[in-house]
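Chemist: Could you build all of it, start to finish, from the sequences and the hints given here?
The primary structure of each chain is shown beneath.
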Amino acid sequence: MSKKILEVKNLTVHFYTYAGIVKAIEEVSFDVFEGETFALVGETGCGKSVTARAITQLIESPGRIVRGEVYYNPDGERLNLLELPDEEIRTIRGNDIAYIFQDPQSSLDPLYNVGYQVSESLFVHGRVKSIKDGIKKAVNILRTVLLPDPERRVSNYPHELSGGMKQRVTIGIGISNDPRILIADEPTTALDVTVQAQILWLIKEMKKRYGVTVILITHDMGVVADMADRVAVMYAGKIVEVAEVTEVFKNPVHPYTQGLLKAVPNPLKKIERLETIPGTVPSLINPPSGCRFHPRCPEISKVCKEKIPELREVKKNHFVACHNR
Amino acid sequence: MRKQLWILLLVGILAIGFAGCAQEEKPKATPTPAETPTPTPTPVPATVIETDTAFVVVGEKGKVESVEVPTTKKVIRVSYVVDEENTKSIEELMDAGLGFGAINPAFWRNTDFDALVKAARFETNPELRTELFKAMYVIANKESPLLTFGQNRMMRTYWDWVEGRYYHPTFTERYDLIWENPNAPSVEIGIKDYKNDANTLVIGTIGWPESFDPATTYETFGWEIWHQIGDTLVTYWKEETEKISPDLAVAWAHNKDGTEWYFVIRGDVVAYDPWNDKTYPIDATDVAFSFWRVQRIGHSVSWMLDFTDLSKSMAMTEDEFKDVLAKGGIYAEYGEKSGEVKSMDDLLAMFDYSGTTAGVYKLVLPEPYAPILGILTDPFLSVLPMEYLLGDKYEEALAASNNGKDSSAWEAYVSEGEEDATHQLMHQKPVCTGPYCVVDYEENSYIVAKMNPYYWGKSLWDEMYADGSKAKHETVVWVINNDAVSRINLFKTGTVDFVVAPPEQIESVKGLEFQGFNSVVKTDLLQPVITYGVFNTYKEPFNNPKVRQALAYAVPYDQIIETVYSGNLERNYAAIPIGWPGYTEYGIEKYEFNMAKAKQLLEEAGIDPTKYSIEITYNSGNSAREKISALLQNTWSQLGFQCTVSSLEWPVYLSKGEHGQYDYYTIGWVPDYLDTDNWVGPLYYGATEFKEVNVQIE
Amino acid sequence: MAELKKFLVRRMLTFIPTIIGITLIVFAIAYLIPADPARAWAGGEKASQKAIELVKERYHLNEPWYDQYIFLITGLIKNEIIDPRTSNPVMDDVGKRFPVTFQLALFAYFFVLAIGIPLGLISALKRDTAIDTFVRIFALIGVSTPVFWLGYILIYIFFVNIRIINLAGVPPSPEIVITHVPVIDSLITGNFELFRQHVARFWLPGFVLGFMGAGVVARFVRNSFLEAISGDYIEFLKAKGVPKLRVYRHAMKNSLVPIITVLGLQFGVLLSGAPITETVFGLPGIGLYAVFSIGTLDFPAIVAVTLLFALVYVIANLIVDIFYAVIDPRVRY
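Residue numbers (the working numbering), protein chains in the order written: chain A, 1 to 325; chain B, 1 to 698; chain C, 1 to 333.
Each hint can be trusted.
Computed list of lysine to any residue pairs in SDA-like fashion (alpha-carbon distance at most 20 Å, straight line): (1) 192(B) x 187(C); (2) 599(B) x 640(B); (3) 244(C) x 85(A); (4) 88(B) x 53(C); (5) 5(C) x 157(A); (6) 3(B) x 317(C); (7) 96(C) x 443(B); (8) 429(B) x 88(C); (9) 74(B) x 586(B).
Not close to chain C: a few residues of chain A, all C-beta gaps over 12 Å, as computed: (10) 43; (11) 278; (12) 287.
Just so you know, these hints were derived from the structure itself, not from any lab. Where a beta carbon is used, it is the ideal one built from N, C-alpha and C, also for glycine.
Modeler: Right, dumping it as structure tokens:
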């Protein structure tokens with residue numbers, strides 16, 4: 001049984017805007033086990049990206065981490081990442097915990113060539129003496145991420161590469177320092193379907209080769225099915241269900257999860273109408289009282305409006321936050 | 001790349017198109033009147049003017065003799081025969097752009113007046129000329145082709161540690177003749193090491209001299225400099241305006257009718273070249289060369305030489321002159337003495353001169369011209385060393401001209417226009433014969449002159465400054481700053497002794513104090529500068545004298561004097577300055593601001609003002625004329641005219657004036673030399689050519 | 001890198017047609033003015049007919065426009081044309097005055113950079129604090145203050161009250177001429193006394209002229225930097241664990257393109273803002289010369305000045321374009 005490498009407890013992030021305080025995520029808690037692929041799933045705006053960034057204090061004003069703890073447990077030590085000062089959290093980022101973002105176009109600085117940017121990742125963590133030295137290593141990294149013709153490509157600028165190639169570069173940057181955790185925030189959403197498959201395959205390869213734990217953020221249930229070991233479903237800034245992937249697909253418990261899965265059409269069956277979840281995602285400045293899903297829930301009861309449901313283990317390793325389960 | 005080429009092509013086509021259109025649109029001077037041309041006035045047998053001391057009768061020969069005049073005063077009869085063929089029509093003159101050139105700016109032609117101008121030119125008797133000028137003043141005043149506002153008063157601003165200042169209407173002071181209190185403060189100027197101490201005169205001024213070559217200088221700054229560093233044949237001493245004094249010429253004489261003048265040149269005069277520390281002796285050949293050169297280069301200042309015939313003028317030796325004297329018929333006047341002169345000794349004795357001489361210069365005039373001596377005092381006729389200008393070609397050129405007798409030989413050595421090498425040389429590196437020498441300058445920044453160690457007149461300084469109570473100006477520095485406020489700051493800090501301050505700023509320079517000394521602002525010096533307005537007398541309704549008079553009565557003179565000139569304008573009623581020969585108040589119209597009279601005159605003229613529009617123009621940038629224009633628009637519209645005000649850039653202003661393309665404009669005149677002919681000629685003469693003009697006194 | 005070279009060659013080829021186009025247009029406009037400049041050149045209302053004719057002949061004023069244009073341009077380049085107003089060869093006049101204006105512009109530029117850029121950066125980094133507000137007010141004052149007003153006030157302080165500067169003359173150029181810019185040459189040749197004199201004469205007018213530009217640049221730097229720092233790649237850099245200063249370096253480089261644009265334009269603005277500054281401080285530069293020559297329809301001088309200004313602008317833009325190409329690889333088409 002692998003140990004927990006990351007424990008997120010009661011993570012709460014608010015955004016202080018002119019329109020009001022946006023309660024982006026409230027009391028989010030989950031654990032990630034070493035070596036697994038943990039998927040964080042939900043609609044756009046449910047707070048998954050915020051959660052991913054909050055883990056290493058990557059939240060910018062007007063956002064603020066209001067409360068919570070994020071325990072990082074590599075090899076025995078137990079660090080609360082949210083309490084670390086600037087300089088220390090900087091050494092964690094890109095080194096222990098690396099990120100891949102959704103749009104590779106906006107991840108890379110257009111004025112520097114890709115070799116520089118890969119080498120920079122090595123340089124700022126002291127793995128090479130100078131950027132120039134790091135270029136050689138960068139070539140190898142680019143080869144590892146299966147970028148064709150890496151010796152030439154290393155001096156290319158981002159605008160000279162295709163979307164898929166750029167994403168390979170960011171993955172290369174991600175694994176350059178041999179991280180323990182790789183957080184991939186919708187890594188394939190901006191890419192074509194064929195390229196998507198290649199990138200996903202690459203991530204799986206990296207995982208196999210380097211034994212890295214992957215936290216995968218996505219809204220695509222197909223990607224979840226392909227990649228994840230365990231899944232957490234988020235809605236309106238709260239985790240509503242956590243379970244192993246097969247369990248979630250076979251026995252979804254929370255009404256929202258059920259609605260989500262029903263919404264994915266089965267291409268082999270003939271369907272008259274697409275299934276939807278009635279209503280829209282609520283405003284997070286004034287979220288609904290009690291259970292945030294209650295305005296759209298088909299099984300609503302009185303207590304749902306009044307009390308916030310907690311995550312409860314309803315089956316082995318299957319947690320749900322619902323009053324009616 | 002392709003796109004850029006297309007854009008460039010488009011730009012090019014546009015530019016060519018513009019220029020091409022401009023080619024066609026370049027306007028010919030169109031004669032302005034669209035209405036019927038001026039009806040010729042019914043011929044009057046003669047004009048009779050009564051001055052306070054005489055009757056002046058002027059008219060066509062054959063008619064004027066029979067005009068009866070009372071004999072209570074002296075009668076002066078002027079008869080003439082017009083040369084119709086050679087007299088250009090007003091239209092021709094407008095087309096050729098000769099307004100303010102061959103003909104007066106108003107394109108006004110009064111044949112009787114023109115005859116008087118010609119008469120005053122060849123007559124030499126000063127009293128007779130004065131009567132003629134008075135008659136001209138009266139005619140000009142009554143006909144009013146020009147609207148006379150008045151004469152400007154000069155505003156002088158300086159620190160009272162400068163003493164001995166004086167005033168001359170056409171020259172600035174000679175700075176070696178004024179001095180400073182020995183205790184005057186010493187202030188660093190900030191230009192190299194120069195300091196403004198008691199021995200340095202620093203002047204804060206604007207602009208820049210047109211040139212350091214006197215032959216191409218026709219403005220006040222250039223003339224100011226040459227008055228310090230040059231010598232002319234004759235000059236006016238300090239405040240003198242009537243008596244001519246010797247300068248480079250120690251004595252002069254002329255033939256009976258005044259068409260040949262002889263100037264004896266002072267000996268032992270050298271020109272000093274401070275750039276190479278060399279000196280050049282000056283003699284009569286240099287005088288001949290210098291004068292001829294002015295005409296050759298052909299700068300507009302040379303028009304004054306049209307009164308001379310330089311092809312017949314020449315340099316002579318003393319012996320050759322003595323031969324001329326011996327033949328008889330040569331006269332001289334100086335001070336109390338006058339009479340025929342038979343020998344050089346007689347002549348020099350008349351002028352009280354006993355030093356050496358360096359030749360004689362003979363100046364020939366095609367016709368007698370009384371003011372010729374006045375012209376010779378002007379700095380553009382400063383004498384320059386031919387040897388310096390021609391360098392190693394000097395010997396050759398001198399020989400070719402037969403020692404200054406045949407000036408046409410010099411054409412090979414001096415070319416026309418400003419590309420001429422001698423002009424460029426003088427322009428960059430001027431040499432001096434006068435009390436000062438320009439030793440250093442930085443264009444548009446400063447000019448430094450120092451006392452000339454080789455000045456022939458420096459014994460004067462020993463006399464003046466012997467007792468040590470006066471600090472003499474060994475150095476003169478002109479500091480240029482075109483911003484009035486900055487100049488006044490230079491003055492306040494004692495960096496400059498004199499400052500050119502605009503009348504609007506008078507309060508900021510009055511009552512200042514610096515190290516125990518006070519600032520002085522003098523506004524009582526009346527300058528012979530007249531500001532006047534020009535009517536287009538060829539165009540309706542200005543062709544009617546009554547209309548012009550009406551408009552003259554509708555000018556708010558007092559308001560103009562107060563608001564535009566802060567009181568520093570003295571009224572005058574025609575364009576001859578107060579105190580000059582010809583100025584008179586006898587029998588003239590004294591135009592005052594009288595709207596009722598103006599309206600009455602318009603009725604008498606029989607025109608309907610509402611049918612006419614008047615465009616009042618001034619040159620942009622001149623705030624005084626702008627204000628005047630606004631005031632005129634106000635009052636003239638009350639008469640019923642539709643008046644507009646517009647401004648034009650200076651070159652366009654001049655151009656429209658010279659082509660007669662205007663209704664009315666305001667301008668000023670500064671005299672070039674001290675003779676009334678320099679007023680009535682340029683401002684009123686109507687370009688009539690005559691076959692003969694005769695003057696008879698009864 | 002080969003693209004860079006090709007790019008530069010292409011840019012420089014557009015140089016000559018641009019200069020010709022500009023001078024042609026200015027010449028054409030001057031030609032359109034329906035006034036005969038010959039009289040003004042010959043001396044104004046006191047000009048004699050003979051003198052006017054002479055002027056017309058010498059300056060080809062009776063020839064068709066293309067003859068005049070070619071005569072003017074070739075004459076200017078060979079420095080054969082003598083200015084009717086000042087009697088000097090036109091290019092000599094221009095050549096004497098231009099270094100003064102150029103040096104003034106350099107001093108002003110120095111202040112623009114030294115004041116504008118740091119203030120802009122501080123303002124961006126300390127966004128929405130008191131410092132930021134102060135800098136933005138300063139920028140507003142800088143842009144709105146008329147040059148002469150500021151000049152008068154500072155002259156009053158530094159000249160009338162404390163005599164530090166002077167308002168007359170220009171210190172001489174050093175003997176050895178390398179860059180033709182006296183203040184740089186005297187520094188390079190070690191002539192410190194002359195260097196001090198030049199600085200003493202030019203620093204205040206330079207400051208006055210540059211003050212306005214500093215305000216503009218500060219605002220641009222602020223906005224450009226803020227925009228750059230909110231770019232998406234910044235987040236990725238932080239996620240990479242890049243330290244703050246290095247992140248700012250990335251942001252700075254990305255914000256350079258608009259800043260360089262405005263700096264390039266500023267140099268042109270400085271050149272044209274010089275006349276008033278030159279007048280107030282008594283500097284014999286080209287600003288006043290240009291204004292006078294326009295007022296007196298001095299064609300040769302107008303075209304000469306235009307030629308010069310066109311050259312300066314085109315070169316400044318070329319330098320800016322080269323900078324772009326060096327900084328931003330996407331620009332090298």
